[in-house]
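With the hints as a guide, bring the two chains together.
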Amino acid sequence: MYPDKAKMESLVEATELAEVRGRSLWSDARARFIRNKAAVGGLIILILILAFSLFGQVFQAWSNEAIDWKLVGRVTQIGGPSFENGHYFGADDLGRDLYARVVQGTGISIMVGVVGSLVAVIVGTLYGATAGYFGGRLDNIMMRTVDVLMSIPFMFVLILMLVIWGRSITMLFVGIGLISWLDMARIVRGQTLSIKNKEFVETAVAIGVRPFTIILRHIVPNLLGIVVVYATLLIPGLIMAESFISFLGLGVQEPMTSLGALIQGGSKQMLYGAWWQIAFPLFFFLATLFAFTFVGDGLRDALDPKDR
Amino acid sequence: MTAPILSVKDLSVTFDVRQQGAWPWTPARKLHAVNKVNFDLKPGECLGVVGESGSGKSTLARAIVGTVPTSGGQILVDGRDLASMSPEERRVHRRDVQMVFQDPLAALNPRMTVGEIIAEPLITHEPNTPRAEVKKRVSELMERVGLLPNLINRYPHEFSGGQCQRIGIARALILRPKLLICDEPVSALDVSVQAQVVNLLMELQRDFGLSMIFIAHDLSVVKHISDEIVVMYLGTVMEQANARTLTTKPSHPYSQALISAVPIPDPVLERARPRAVIEGELPSPLNPPSGCVFRTRCPKAQASCAGDRPALLDLGNDHTVACPFHEEVDVLAAAV
Ligand code: SF4
Chain A
1 MYPDKAKMES LVEATELAEV RGRSLWSDAR ARFIRNKAAV GGLIILILIL
51 AFSLFGQVFQ AWSNEAIDWK LVGRVTQIGG PSFENGHYFG ADDLGRDLYA
101 RVVQGTGISI MVGVVGSLVA VIVGTLYGAT AGYFGGRLDN IMMRTVDVLM
151 SIPFMFVLIL MLVIWGRSIT MLFVGIGLIS WLDMARIVRG QTLSIKNKEF
201 VETAVAIGVR PFTIILRHIV PNLLGIVVVY ATLLIPGLIM AESFISFLGL
251 GVQEPMTSLG ALIQGGSKQM LYGAWWQIAF PLFFFLATLF AFTFVGDGLR
301 DALDPKDR
Chain B
309 MTAPILSVKD LSVTFDVRQQ GAWPWTPARK LHAVNKVNFD LKPGECLGVV
359 GESGSGKSTL ARAIVGTVPT SGGQILVDGR DLASMSPEER RVHRRDVQMV
409 FQDPLAALNP RMTVGEIIAE PLITHEPNTP RAEVKKRVSE LMERVGLLPN
459 LINRYPHEFS GGQCQRIGIA RALILRPKLL ICDEPVSALD VSVQAQVVNL
509 LMELQRDFGL SMIFIAHDLS VVKHISDEIV VMYLGTVMEQ ANARTLTTKP
559 SHPYSQALIS AVPIPDPVLE RARPRAVIEG ELPSPLNPPS GCVFRTRCPK
609 AQASCAGDRP ALLDLGNDHT VACPFHEEVD VLAAAV
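Line by line, the protein sequences give chains A and B. Numbering follows the numbering used here, with no gaps: position 124 of the first sequence is 124. Just so we're on the same page, the numbering used here is the position in the second sequence counted from 1, plus 308.
Calculated directly from the structure, the hints in this document are not laboratory data. All C-beta atoms in this analysis are idealised placements derived from N, C-alpha and C, irrespective of residue type, glycine included. Please note that a few of the clues may not be correct.
Claimed, not checked - Cβ-Cβ distance ranges computed for the label pairs, FRET-style:
{"id": "1", "chain 1": "B", "residue 1": "Ala614", "chain 2": "A", "residue 2": "Val148", "range": "52 to 58 Å"}
{"id": "2", "chain 1": "B", "residue 1": "Pro435", "chain 2": "A", "residue 2": "Leu193", "range": "26 to 32 Å"}
{"id": "3", "chain 1": "A", "residue 1": "Val157", "chain 2": "B", "residue 2": "Thr334", "range": "35 to 41 Å"}
{"id": "4", "chain 1": "B", "residue 1": "Arg337", "chain 2": "A", "residue 2": "Leu193", "range": "18 to 24 Å"}
{"id": "5", "chain 1": "B", "residue 1": "Ala336", "chain 2": "A", "residue 2": "Leu282", "range": "56 to 62 Å"}
{"id": "6", "chain 1": "B", "residue 1": "Trp333", "chain 2": "A", "residue 2": "Met155", "range": "37 to 43 Å"}
{"id": "7", "chain 1": "B", "residue 1": "Ser361", "chain 2": "A", "residue 2": "Asp147", "range": "47 to 53 Å"}
{"id": "8", "chain 1": "A", "residue 1": "Asn197", "chain 2": "B", "residue 2": "Pro435", "range": "26 to 32 Å"}
{"id": "9", "chain 1": "A", "residue 1": "Leu282", "chain 2": "B", "residue 2": "Pro435", "range": "51 to 57 Å"}
{"id": "10", "chain 1": "A", "residue 1": "Arg35", "chain 2": "B", "residue 2": "Lys443", "range": "33 to 39 Å"}
{"id": "11", "chain 1": "A", "residue 1": "Asn197", "chain 2": "B", "residue 2": "Ala614", "range": "50 to 56 Å"}
Next up, chain B with everything else stripped away, as it sits in the complex (with noise of 0.2 Å):
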């Protein structure tokens, strides 16, 4: 087995909330928006994470690239633990870890030119570059990511949120990152552009070997094309398991609803699937459900869920699930 280029260990993220108006000795409290995960990306492979909004993915996304300040665990990167770097060091090392964002538009200075925004990545790690040849690999990569590369003098304005995102997708590659994570790339987008999108990811991820963390709240783009999915709820990981097994037989209570979610395209299989639906609103991740923390929503709780964390159960072929009574659904192997 080849050695992860990413690995995560025991990874959490908790912010500190202060309240409005409280005294400035009373203790802020902690939301723990990333809580103990783990998971390694292989070289070459794609790792979707997928949640609802809240889950704590994108928090998880932000630590890995080093935006959001950790505060427990281990990132590996290439066997290199990020948090004993120096920020010297670090700042160098950042080179290898891109990230694409969720808003195209967001993600881009506005006052800057597109050719200006694609190349900041080449110049600030390799300043010395002459600007032809700068110029140069800001065309080659534009017209890669399908964009004219006359377009270069333009503002991100000027652009429609698909052409944003190849943009900002552009400017995460042109310095070959051995890791590239992408959060929630397409949900921003038309439905019609995702697709072109999603497609262009995976093309970019075949020809330039890039290891890759798709993140999104929607499995059916996910499953396109991960090859490992981790489904996460309030910062925790509910089950992992390759892309084919976690969305044709789940077992966890949630992935399975987070599937049954996902519409079929014809009718009548659509009609007489079985649902699992979940009810109810995300808890507060301020003040989460003791034990396992979708109990409170879950529709096959029971009294001792409350109890212990449940435990990450490894159900033998890299797939492993965070609840005692999981149990494996079939869900039309077609349907998804």
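Extracted from the complex, chain A is given alone in its bound form (with noise of 0.2 Å):
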């Protein structure tokens, strides 16, 4: 029993010639997250939130302003959640549809923290790999910087800028941009103290790459799992500050809204039995914080090369 020779060698032909398709770190990072079943649950119910807060308009039966008139003065009693008069969340004290509300809410507060979150990977990586990779007194100067920022009280600082400027959606983005890099950057630093060593490095150095190259080519690729999984991290945080501002009365300002908001508009109202108005916004809330949460420890858990 031989086998076919023409067979043989097409077979031969088809091993050689046949560009094989490497397994990247990545792809190996991606294999162990799916493993995972509280990151994988994590990522379902974020995505349901996303597609809620995006789609979640196509349902609702009331705009997020408009007024239900026949509810007014009357919510507590009649405002309850209904599929018969649309509101299926319910009312907020003024008459307004919950429903197109949370959906508004939940956008904007994962906008906010996703916002924040990119401005500290993009910020915070080039910042932290420039100063870990040059050393020296540049990165005493960078370093140092970024102390006497964090130094600042954040809160305080972020809610005199609301006060000073107008509460406005914009300055909030600012505020937090301003604040959520310099973790970040820190991380990266370190990273990059510790990645800049390696050989490799160093080879690129002798063959003679340009040092900013250097650290988009070699430093940065080789830190982008610990930043995802930080900047995943970060976005609760971020949202829960946002939460927080709101809460005060400072955040997002009407019409527009947040969960911070809602929670808040809704802490209110509870003494008066309508528990419908904190119960929906929080369980977004709560939901949203875990489901990040949850992926991010995923990611991290992927993508820690110790645990090889």
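Have a look at this one:
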């Protein structure tokens, strides 16, 4: 029994010519992430919440600004969740549809978290990698600047900014963006210090690659793992910070809303029995935080080279 | 005589070592990693550098490729002093001098594919090369160093140590450098793979007309590939000679000890041969012995060895030795 010669040859050819696609460290990490049940669960919840905030309006019977005059003044009695009048989550104390407002609030809260963490990723990574790679005096100056900025009580400054320049969502973004990258810069710098002593960086220097190309080609991709993890874990923190500010009444202003603002509104009405006004925003708030945290933890486990 | 491709003159490299918790104004202690080293490398030849770990041979290599700053002396590549170049000239000049590292995996960026890694020098120095051309040259070279070209999209962690070292060699050769510096290229590899890589390097050296510096702590590896051998100890050159003289008739006590450490595969000869065993540990380079740095472990040390640092004596025939009490010892010629 000899295998067909022509077939053998074509097999040989096929194995020789086909370029094998490599298993990158990223695809390894993806496989590890998928094996982690809590993380995948968190990811699914996160996708659902995102879909809710993006497409939730499609199902809403009321706009987020319209007041249902039938309910005004009697919200606590008849404003509860009901499918008949289209207020799936009930109405708020002014008679506005809570479903529409939760959709909008979730979207804004997530946006605050994601934008803040994007700023952290871009600014913090480049800043930290530059400081760490060049080292010496530049590193000293750059990192002492970060220390100084960090020592400023950020909540206080943010509240001051909002009071002085007016409460706007742009101001909130600017404020959160300004501080979110500080921790990231420190973490990235620490990682860079260890990566830059690796031989492949030395090789790149010996080859004659320009310093900034080295940072972008050799340093940043190797610390992206930790950056992704930290950015994911940063989002809930930022959502929380925004909610806190909104809870104080300084954050997002009407008619816009965020989960924090909704929870604040709901907490005032809780005493009168309008439980839905706090329950729904709080549910989405907690679900978002947990989902981000689980995903972040899952990413950390998946990307952490020590587990290998 | 042809002009040397590389000539190192009185090269010194010192590191500042700061003590933990010292005041910022206390001067740092100086670590002389390389101390007044001289040698020339002729085009197409291979210079072996041997010494224990801590003898400064890796630092010497790094000073030549320029990843470690020198603190004295000159490095002339093709007659041009590296120190006198502007940073940009220096960067462009790096294409002529490439290096192969000791730890093959650590020298490859884990996030890049093999193709990207090998192509990096080419893309850096000839950024306008069309992509198809880059790929063609990478594939050719992969084949040349014994890797299947269809592995071009793989990642370094999918390869064995020997294959990683081949990748490193391919990367070093893609620009056809004039000088290749191999820093212990085989000491992290399995013995069975070592020979393959050494043979590959020898072939490539011949085919590409490379000049090479080959660093190792193991004399038996170096003597196969080198024309000339330099023996280093604590940053200082102890003896330099052509490979045959050095391995069969070493004159310096340290070289003799190194050679007797190489086992002979024949048990009868192995038992019968004279041994010069060195005892003790390598002294701290922060605090080297006065005079001859080898004197703390030298079997022939005299009182006078602690005085002045022994000058390099020329024994003729390009054989120099840094010991006034040198004597030729005929090691069994077949031995090593
Ligand atoms: S100079 Fe003295 S100590 Fe140094 S190698 Fe020669 S004999 Fe030994």
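Structure versus earlier hints, numbers of those that do not hold, lowest first | Violated: hints 7 and 11.
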